[in-house]
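If you read the protein sequences in the order shown, they are chains P and E. Numbering follows numbering that gives the first Met the number 0, with no gaps: position 59 of the first sequence is 58. Numbering follows numbering that gives the first Met the number 0, with no gaps: position 329 of the second sequence is 328.
Hints are computed from structural coordinates only; laboratory data are not their basis. Everything hinted at is true.
Because identical chains share one entry, a pair is satisfied inside a single copy or across any pair of copies.
Restricting the straight-line Cα-Cα distance to at most 30 Å, the calculated cross-link-like pairs of lysine-lysine (DSSO-like) are:
{"id": "1", "residue 1": "LYS271", "residue 2": "LYS95"}
{"id": "2", "residue 1": "LYS437", "residue 2": "LYS390"}
{"id": "3", "residue 1": "LYS235", "residue 2": "LYS494"}
There are 2 protein chains.
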Amino acid sequence: MGEWRGERQARDARIAAGRAHADGKIVPAAAVVDLLEAILRPGDRVCLEGDNQKQADCLARGLSACDPEKIHDLHMVQSGIVLPEHLDVFETGIAKRLDYSYSGPQGARIAKMLYGGQIELGAVHTYLELFARYFVDLTPNVALIAGVSADRDGNLYTGPNTEDTPTVVEATAFKNGVVVAQVNEIVDTVPRVDIPGDRIDFVVEADKPFYVEPLFTRDPAAMTETQILIAMMAIKGIYAEYGIKRLNHGIGFGTAAIELLLPTYGEKLGLKGQIATHWALNPHPTLIPAIESGWVKQVHCFGSEVGMDRYIRERPDIFFTGADGSLRSNRAFCQTAGLYACDMFIGATLQIDLMGHSSTITQSRVAGFGGAPNMGSDPHGRRHHSHAWMKAGREGQIVGDPALMRGRKLVVQLVETFGDKLVPTFVEKLDALELARKIGLELAPVMIYADDVTHIVTEEGIANLLLCRDADEREQAIRGVAGYTAVGRGRDRAKVEALRARGVIRRPEDLGIEPLDADRALLAAKSIKDLVHWSGGLYEPPARFRNW
Amino acid sequence: MGEWRGERQARDARIAAGRAHADGKIVPAAAVVDLLEAILRPGDRVCLEGDNQKQADCLARGLSACDPEKIHDLHMVQSGIVLPEHLDVFETGIAKRLDYSYSGPQGARIAKMLYGGQIELGAVHTYLELFARYFVDLTPNVALIAGVSADRDGNLYTGPNTEDTPTVVEATAFKNGVVVAQVNEIVDTVPRVDIPGDRIDFVVEADKPFYVEPLFTRDPAAMTETQILIAMMAIKGIYAEYGIKRLNHGIGFGTAAIELLLPTYGEKLGLKGQIATHWALNPHPTLIPAIESGWVKQVHCFGSEVGMDRYIRERPDIFFTGADGSLRSNRAFCQTAGLYACDMFIGATLQIDLMGHSSTITQSRVAGFGGAPNMGSDPHGRRHHSHAWMKAGREGQIVGDPALMRGRKLVVQLVETFGDKLVPTFVEKLDALELARKIGLELAPVMIYADDVTHIVTEEGIANLLLCRDADEREQAIRGVAGYTAVGRGRDRAKVEALRARGVIRRPEDLGIEPLDADRALLAAKSIKDLVHWSGGLYEPPARFRNW
Numbered sequence: 000m001g002e003w004r005g006e007r008q009a010r011d012a013r014i015a016a017g018r019a020h021a022d023g024k025i026v027p028a029a030a031v032v033d034l035l036e037a038i039l040r041p042g043d044r045v046c047l048e049g050d051n052q053k054q055a056d057c058l059a060r061g062l063s064a065c066d067p068e069k070i071h072d073l074h075m076v077q078s079g080i081v082l083p084e085h086l087d088v089f090e091t092g093i094a095k096r097l098d099y100s101y102s103g104p105q106g107a108r109i110a111k112m113l114y115g116g117q118i119e120l121g122a123v124h125t126y127l128e129l130f131a132r133y134f135v136d137l138t139p140n141v142a143l144i145a146g147v148s149a150d151r152d153g154n155l156y157t158g159p160n161t162e163d164t165p166t167v168v169e170a171t172a173f174k175n176g177v178v179v180a181q182v183n184e185i186v187d188t189v190p191r192v193d194i195p196g197d198r199i200d201f202v203v204e205a206d207k208p209f210y211v212e213p214l215f216t217r218d219p220a221a222m223t224e225t226q227i228l229i230a231m232m233a234i235k236g237i238y239a240e241y242g243i244k245r246l247n248h249g250i251g252f253g254t255a256a257i258e259l260l261l262p263t264y265g266e267k268l269g270l271k272g273q274i275a276t277h278w279a280l281n282p283h284p285t286l287i288p289a290i291e292s293g294w295v296k297q298v299h300c301f302g303s304e305v306g307m308d309r310y311i312r313e314r315p316d317i318f319f320t321g322a323d324g325s326l327r328s329n330r331a332f333c334q335t336a337g338l339y340a341c342d343m344f345i346g347a348t349l350q351i352d353l354m355g356h357s358s359t360i361t362q363s364r365v366a367g368f369g370g371a372p373n374m375g376s377d378p379h380g381r382r383h384h385s386h387a388w389m390k391a392g393r394e395g396q397i398v399g400d401p402a403l404m405r406g407r408k409l410v411v412q413l414v415e416t417f418g419d420k421l422v423p424t425f426v427e428k429l430d431a432l433e434l435a436r437k438i439g440l441e442l443a444p445v446m447i448y449a450d451d452v453t454h455i456v457t458e459e460g461i462a463n464l465l466l467c468r469d470a471d472e473r474e475q476a477i478r479g480v481a482g483y484t485a486v487g488r489g490r491d492r493a494k495v496e497a498l499r500a501r502g503v504i505r506r507p508e509d510l511g512i513e514p515l516d517a518d519r520a521l522l523a524a525k526s527i528k529d530l531v532h533w534s535g536g537l538y539e540p541p542a543r544f545r546n547w
Numbered sequence: 000m001g002e003w004r005g006e007r008q009a010r011d012a013r014i015a016a017g018r019a020h021a022d023g024k025i026v027p028a029a030a031v032v033d034l035l036e037a038i039l040r041p042g043d044r045v046c047l048e049g050d051n052q053k054q055a056d057c058l059a060r061g062l063s064a065c066d067p068e069k070i071h072d073l074h075m076v077q078s079g080i081v082l083p084e085h086l087d088v089f090e091t092g093i094a095k096r097l098d099y100s101y102s103g104p105q106g107a108r109i110a111k112m113l114y115g116g117q118i119e120l121g122a123v124h125t126y127l128e129l130f131a132r133y134f135v136d137l138t139p140n141v142a143l144i145a146g147v148s149a150d151r152d153g154n155l156y157t158g159p160n161t162e163d164t165p166t167v168v169e170a171t172a173f174k175n176g177v178v179v180a181q182v183n184e185i186v187d188t189v190p191r192v193d194i195p196g197d198r199i200d201f202v203v204e205a206d207k208p209f210y211v212e213p214l215f216t217r218d219p220a221a222m223t224e225t226q227i228l229i230a231m232m233a234i235k236g237i238y239a240e241y242g243i244k245r246l247n248h249g250i251g252f253g254t255a256a257i258e259l260l261l262p263t264y265g266e267k268l269g270l271k272g273q274i275a276t277h278w279a280l281n282p283h284p285t286l287i288p289a290i291e292s293g294w295v296k297q298v299h300c301f302g303s304e305v306g307m308d309r310y311i312r313e314r315p316d317i318f319f320t321g322a323d324g325s326l327r328s329n330r331a332f333c334q335t336a337g338l339y340a341c342d343m344f345i346g347a348t349l350q351i352d353l354m355g356h357s358s359t360i361t362q363s364r365v366a367g368f369g370g371a372p373n374m375g376s377d378p379h380g381r382r383h384h385s386h387a388w389m390k391a392g393r394e395g396q397i398v399g400d401p402a403l404m405r406g407r408k409l410v411v412q413l414v415e416t417f418g419d420k421l422v423p424t425f426v427e428k429l430d431a432l433e434l435a436r437k438i439g440l441e442l443a444p445v446m447i448y449a450d451d452v453t454h455i456v457t458e459e460g461i462a463n464l465l466l467c468r469d470a471d472e473r474e475q476a477i478r479g480v481a482g483y484t485a486v487g488r489g490r491d492r493a494k495v496e497a498l499r500a501r502g503v504i505r506r507p508e509d510l511g512i513e514p515l516d517a518d519r520a521l522l523a524a525k526s527i528k529d530l531v532h533w534s535g536g537l538y539e540p541p542a543r544f545r546n547w
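Just chain P, with the same shape it has in the complex:
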């Protein structure tokens, strides 16, 4: 018959041991190490909340200060590897195995540690995939999370950066796990309940507010005319052409330029209300002019963005907010929205190969792709139509019964032919493949596979891969917009001209766009200060973006 309450009893014992260091559920910051050593067991699966933005940094420091004699061989299962402490624990032996999604700053160190055998890598997931595994085979034994405030019963207010927290807590608390929340302050009553107290076992009053990174702020002052040209082509040749209303933008300068062109170039084209009305997007500061000009109907957010809190509070018709007035973000639902409810994902990449496979991985970094693999994939389970989706589906259907025709998500790569330091974006072979070979990864770190990409936009034009009839046409369509890179110079000129004649490739002039019109004067805001002005002073940019 077996033993059916072993996990449950072990959880109760962990909590009882932790209570020795707590006053009810409340634990002082000084007792974090004691608490963690009391509730953790060697080999545990642990989610140390490292989100895309918000970091449970007080708990991260505590974990890294634990005694490796007592706590070792942990299996870390968390979205973000962001803080140095997230990797320190692998050096001391506290942690051993890693399953994650995204690492901005720590990508190079992860690659070195993988190569040196200090980390046993599970996989580099897309966010929603990692969340899915929390409920199946990567359920955490202990979750270490972060919020703004909690009451003494553990009712938690996450503030605008709700992000991954509800998902992590649900998987842990309902499967015999222990949940520890660090908060900036203990209060009598939380402004709203993001997580009910009966799912939170311990509350640590942190020594300082949790760390959060402004990852989605793009300074308009840094936008180039090439980016503006590409943005104009995307608006006229894709947004308008397909009538894209529901979408997700990447985090690069190209899509930020599009946001800033909507109230100017988009307005001139008469597109207001016709495109870009419903968004799955973080609260990008560069979206403020479009919001203020009445382009945007609503935005659901993965997380928040530093400095946007007051603006969001004053725009409750646009954003998802609580009765307390602040943003309620939710990465799991926003990723689901990006997958199934958006007609287009448009973003940038570092490398694209001859078939259209793309990756942001270079030979020395294992950074992960966050949400891109999920949102940049065509969901075969989708069963609702839209104008944009059906048009793409018709373009993409080469063979088969038209009665069985289904639509396609638009997955658009927006790149300059040469990236930073004049490194070519178009390559014969992705660096990711070499990295996979060197480190011995089971699966090459491809961000978006070729079969999901529908369009590539560069300063040379738009390649519509849906219209390509075979692999050779596809290769020539990609070469045909690859500019003066080796890949671009390797084009078959006759074939490229034939593709252009069919509209598979479209140059700026084919779209009625004069490259000389791509001027910074078109940007609705030319600086961070302009964004503050557009917001009526509600947007409060972090110090590093202020130069006035």
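Dock chain E against the given chain P, drawing on the hints supplied.
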């Protein structure tokens, strides 16, 4: 600059109007119509919680009793169309437009009403897709939900059938919507908080407990030897062959037979611990013997199942449960788990065409497919490997660079060549296409498209579609397991034998299975009573399944 608080102010006004019929948040059942007429506005998007199982039936009756002069042209956005009242509102004009996912009993009536123009159909979604749209373009203005109990602050206990509720409430409450919960009783303190009270505006004490349907109970007494043979082939030829540990089963008798064969046939094959350990599945009673025999490590559930509550409470190491002891289900997360964290989806269908497209739609019913399109699709965003997934990927990769190889989800159709009343399962053309033409649907109601299906299992054998090199091979592989149906008789015998020689088709004897061994004696439980016995008396089947 626009008006940024219109929605928020409208919400506040609705709540104020509703308060006239409430004592605090509490509304007597007799005042439901008054409440709904106070908070609803013509044209509203409304989610009337009709889940796959749990029904907000008191609120459904209330809505259908509203005055169509006051409340009309509603846009209903809900998972399930299950109760007669869900369609009555379209006859009276209270509702006009419909977006939904699943309709068991009402499929025929929906088809008639669509044909008669009484319903303006948006789309028939897969669950997760509809949830995604709640956050983008189908955000409800009003949500009418159901729970077991609530306190006077609105803190809600859903009981084991949490299902869609957290998702519906999150989309509504944080986007200026009004949330009304019907509960079986008002209590001083809820057993656990499934939804915090600050997201619930009104609590209606219903006149009787909410309706819930035992949709996932299959009586072992009704299982046939053909189903047992098919189940044996699936276990030996697919589960064992690929080493499937993480999976979702459909709700038919075929997969229920597999559940009952694990502790007998599976045990004999030495597969315990090697297959079927981690599940995204409702608490199927037929899984009890496998759980009791130690096959199952954990199960995450979409919803619950009538009669399974006590059993689940006593098996906290297997199921996700709250501190109160009862199941915490969650359809959104379990669908996400089925999409991204399972290596296999295996289920049944009514029709399969020559390419492998399938549908459960007949000419007179628009039932919807619930979760099948989502879980029965290959998620292109997946980036973690597993043995099963990589093996399927290798089999399916015909061309391309092996360094770019990725895995494949196994999507298996488990069918008898002839279904109920000897109607052939294999057809030249799906009835769904004719229905789509007749009703004028934009998209044919295909359950799973051919490109996602990897295997078809019938009593004649297994067709592995991954190994087919072209459309002709695929057609012959399907014909080759289609038995004496017209499609089966239309096979090219030489081609089918060639496919068999290559292992694309495998007969029972190719798998070392003797059809005469497919005996009911192999079932771990032969009746509902046996299941009760296996559960130690904890499973309490509904009356209709009791015949002792």
